[in-house]
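Enquirer: Residue numbers (full-length UniProt numbering), protein chains in the order written: chain A, 1 to 106; chain B, 1 to 272.
One thing to keep in mind: the hints can contain errors.
[What the hints assert, rightly or not] Looking from chain B toward chain A, a few residues come up when the C-beta cut is under 8 Å (computed): (1) S109; (2) N230; (3) V235.
Simulated from the structure, these hints should not be mistaken for lab results. Ideal Cβ positions, reconstructed from N, Cα and C, are used throughout, including at glycine.
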Amino acid sequence: MEAIANPRITCAYLNSYVGKNVIVVGKVIQLRGEEAIIDADGNITAHLNREAHLLAGNAAQIIGKVNPDLSIKVLSSMDLGTNVDYNLANTVVEISHQHRNLFAYE
Amino acid sequence: MCYGSQGGDDGGGFMAGSQQGSQSGSSGRNFADDTLRPVTIKQLIECKEPYPGSELAVDGLPTTQVTLVGQVRSSSTHTINITYRLDDGTGLIDVKKWADSDRPETAVSFAPDTYVRVFGRLVSYNGKRHVSAHFIRAIDDFNEVNYHLLEATYVHLVMTKGSAAAGQAGAGAGGTDADGDSMFVDGGYGAGGGGGGGGGGAVDARLATCSPAARTVFNFMANSPGEHTNVSQVVAGTRMSAADITAAADELLAGGIIYTTDDDDTWAIFDV
């Protein structure tokens with residue numbers, strides 16, 4: 001039992017989480033070798049690891065660390081298929097920041 | 001669903017044992033109050049024990065049956081149970097699924113990174129908390145994860161602030177203080193907050209041309225401690241979305257009412 005939170009964020013929150021681990025759910029716009037562009041209310045560049053098996057056009061969840069240039073170094077990634085409601089995912093991000101007592105540690 | 005019978009069915013004699021230990025019959029567990037509550041893992045980590053040996057409480061309400069979602073981070077198989085370490089982005093907690101020798105077909109194990117839904121009982125044992133699972137299944141539709149997080153938030157708000165329907169009734173009857181959260185925020189940062197700091201007449205005059213969102217953000221900043229205010233603080237304080245706040249801040253920046261400090265998302269009020 002550990003108090004370690006990986007906050008769910010969208011593009012708009014990247015600036016506030018430099019150097020921290022985050023969860024991003026978004027649509028894979030482009031795959032170029034070990035780099036992916038993921039749309040989560042705005043495009044985010046993700047540096048993938050070897051184990052990544054993402055598909056362009058599908059949804060993905062990535063967990064990783066935000067670099068100073070606002071790209072994300074991916075620690076773990078997961079393909080979520082095509083049936084993901086992006087508006088819902090973005091709403092959850094907003095809700096999780098509005099009700100921080102349920103989701104995040106200060 | 002009848003939790004009374006489920007409780008007896010679950011985990012062998014464990015529950016009966018703990019009941020015996022704490023309360024000798026006089027006030028046994030009241031199954032009528034036993035609700036199944038959707039929670040985030042952080043709520044389970046932070047929930048309180050009103051007194052040693054009592055039921056754990058989330059938002060001040062005794063909570064035993066919970067449902068949660070999470071990604072399996074690791075699992076360890078023992079002779080009598082499988083322990084999964086679950087992560088939902090808000091914390092980590094152990095979930096134990098006890099082996100049921102009568103129904104060996106229920107013993108499926110989940111691979112790391114799988115999203116699962118758990119129905120179970122929150123247990124505090126030897127100072128450590130875990131969830132004793134009645135049932136675990138894999139989540140096929142990822143949207144269920146998001147639905148669950150919204151549901152947990154909704155239940156938390158209903159438990160702490162009253163239901164939305166009750167709030168509307170209160171507002172209709174002329175704004176009794178049962179009307180909840182949104183009215184309070186408007187009152188705090190929208191209407192009444194202007195005099196809180198920073199400004200004076202000159203800023204108030206410039207604010208008059210701004211959108212309501214910009215005024216809300218300004219009033220929040222004026223009332224928050226410290227000179228620098230980050231977008232995440234504004235999000236937490238005003239319950240606006242980050243995009244709306246950024247737009248409002250752009251408006252205030254253009255008007256010369258605030259300025260950026262540490263980075264593009266941190267602002268301070270420009271004192272005239």
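Enquirer: Would you pick out the hints that fail for this structure and give their numbers low to high?
Expert: 1
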